[in-house]
Amino acid sequence: MAATAVSTLERVESYLPERSLRIEELAEHLGLRRAALGVFRKFYGLDRLRFDPDLPLSDLLRPAARAALATLPDGAHVSYLIYAHTTQAVAPPDVEVAQALRADLGLESAEAFALSQQACVSSLGAIDVAGELLRADGDPDAYALMVTGEKAYSPVVQHVPNTAIMADAAAACLVTLDGRGDRVRSFVTRTLGEYAEWLELTPEQNTEFGERYGARIAEVINQALAEAGLALDDVELVIPHNVNLLAWRQTIKELDVPAEKVFLDNVPRYSHTFASDVFVNYTTLRDEGRLTDGAHYVLVSVGLGATFGAMVVTHHRPGEPQT
Amino acid sequence: MSSSVDTQGIDKVRDWILGRHPDRTELAPDVNIIENRLVDSLAFVELVYAIEDASGREIDFDAIDVEDFQSLATIERAFFS
Numbered sequence: 086m087a088a089t090a091v092s093t094l095e096r097v098e099s100y101l102p103e104r105s106l107r108i109e110e111l112a113e114h115l116g117l118r119r120a121a122l123g124v125f126r127k128f129y130g131l132d133r134l135r136f137d138p139d140l141p142l143s144d145l146l147r148p149a150a151r152a153a154l155a156t157l158p159d160g161a162h163v164s165y166l167i168y169a170h171t172t173q174a175v176a177p178p179d180v181e182v183a184q185a186l187r188a189d190l191g192l193e194s195a196e197a198f199a200l201s202q203q204a205c206v207s208s209l210g211a212i213d214v215a216g217e218l219l220r221a222d223g224d225p226d227a228y229a230l231m232v233t234g235e236k237a238y239s240p241v242v243q244h245v246p247n248t249a250i251m252a253d254a255a256a257a258c259l260v261t262l263d264g265r266g267d268r269v270r271s272f273v274t275r276t277l278g279e280y281a282e283w284l285e286l287t288p289e290q291n292t293e294f295g296e297r298y299g300a301r302i303a304e305v306i307n308q309a310l311a312e313a314g315l316a317l318d319d320v321e322l323v324i325p326h327n328v329n330l331l332a333w334r335q336t337i338k339e340l341d342v343p344a345e346k347v348f349l350d351n352v353p354r355y356s357h358t359f360a361s362d363v364f365v366n367y368t369t370l371r372d373e374g375r376l377t378d379g380a381h382y383v384l385v386s387v388g389l390g391a392t393f394g395a396m397v398v399t400h401h402r403p404g405e406p407q408t
Numbered sequence: 598m599s600s601s602v603d604t605q606g607i608d609k610v611r612d613w614i615l616g617r618h619p620d621r622t623e624l625a626p627d628v629n630i631i632e633n634r635l636v637d638s639l640a641f642v643e644l645v646y647a648i649e650d651a652s653g654r655e656i657d658f659d660a661i662d663v664e665d666f667q668s669l670a671t672i673e674r675a676f677f678s
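For the record, the sequence lines run as chains A and B.
Note that our numbering has the first sequence beginning at 86, numbered continuously upward.
Note that our numbering has the second sequence beginning at 598, numbered continuously upward.
Next up, chain A with everything else stripped away, as it sits in the complex (with noise of 0.2 Å):
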């Protein structure tokens, strides 16, 4: 197999928790008071979200990874399962979720391992990194599992002051090369080390992040979109995370596109789901039937930290000629 090849994302798969709440339901449990949570609902967008506090994280994984891994050819096999998640600490000291997971899934000859570096944009990190590793291992035969989904265990997870209201998801993506589904097209990063911090940074930090934020997301959008040799018009849709509407109404300022590019129907529904976001996002496209065969799509998240991440895809039905 040539190290040219291009990494296809075979399969996206995503799962929800049923149990729905509204956000003014969280007031209480993580200290919102009557200013935030109009703020977070009048201008942020947020309505709903799915949150399970008694759903283990094994649960909540399991289903989209199955789903995903249901779809694996005859003759196929998974080489590596990447557990991509923002929190650094998504489980006890002594419990390896990765590990665990490629038991629960029965991979045990696959090479589990976890990537959280990027926080939110993990996930599309760990599609790049793995299509890295096929092109290493020259496999033809071989896949790459990656699973996202992880619990807002605290409050000091689930709200992100000013910022967002984290949610419980899953989702997985089931990567090879030369495959026939959607084309990973490029994928550009920009961390920015001065917000390190996370959450403790300083007042001005934080002023200089707002104020910047949407010119970050359009740098790597247009810089991403360059090495794929595509310009914003020739995309269909911005597949986003669903940090919040007023974030993404000044990128959407930035980027000089109609609002409708940009997917934010998911936001009201279910919050931001981690490093689940633009997968969450992508199956609802699909099983709504949005996603046209052919077409050019920018899946795109930010990671406290901070990351910046966009990845440009070309769309494939299975079943569908290459184009």
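No wet-lab data here; the hints were simulated from the structure.
Everything numeric in this text was worked out from a predicted model, so none of it was measured.
Incorrect hints may have been included.
Here are some of the chain B residues that sit facing chain A, going by a computed Cβ distance under 7 Å [to be verified]:
(1) 629
(2) 632
(3) 634
(4) 637
(5) 639
(6) 641
(7) 642
(8) 645
(9) 658
(10) 663
Cβ coordinates follow ideal geometry from the N, Cα and C atoms, glycine included.
Starting from the structure of chain A, add chain B where the hints point.
Below, chain B alone, put in the same frame as chain A:
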């Protein structure tokens, strides 16, 4: 409420916005403060508190619209008139 008190109210909001931007000394009433990132998404809750503090009233979120926060002129019309 007298018009001078109203003016003081919107002046407080203007001062709060300018206080976040030491490079600016003026803010025209019709400048879009969101699109020009004079108030970014991280600072919206603080803007709400600044308006409530200046008007002396809690904002009724059921009765307002995002457009009310576009500029000093819309803020004045919605909360200080």
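Quick rundown of the hints versus the structure:
Interface hint status for residue 629 of chain B: violated, as the beta-carbon distance to the closest one in chain A is roughly 9 Å, over 7 Å. This hint holds: residue 632 of chain B has a C-beta 5 Å from the nearest C-beta of chain A, less than the 7 Å allowed. With 7 Å as the threshold, the beta carbon of residue 634 of chain B comes within range of chain A, its nearest partner Cβ sitting at about 5 Å, so the hint holds. Proximity of residue 637 of chain B to chain A holds as hinted, the smallest CB-CB distance being about 3 Å (cut-off 7 Å).
For residue 639 of chain B, the suggested interface contact is upheld, since its CB lies about 4 Å from the closest CB of chain A, less than 7 Å. A hinted interface residue such as residue 641 of chain B counts as satisfied when its beta carbon comes closer than 7 Å to some beta carbon of chain A; here the least separation is about 5 Å, so the hint holds. A hinted interface residue such as residue 642 of chain B counts as satisfied when its beta carbon comes closer than 7 Å to some beta carbon of chain A; here the least separation is about 5 Å, so the hint holds. This hint holds: residue 645 of chain B has a C-beta 5 Å from the nearest C-beta of chain A, less than the 7 Å allowed.
This hint holds: residue 658 of chain B has a C-beta 3 Å from the nearest C-beta of chain A, less than the 7 Å allowed. With its C-beta approaching chain A no nearer than about 6 Å, residue 663 of chain B sits inside the 7 Å limit, and its interface hint holds.
The structure fails hint 1 only (numbered hints given earlier).
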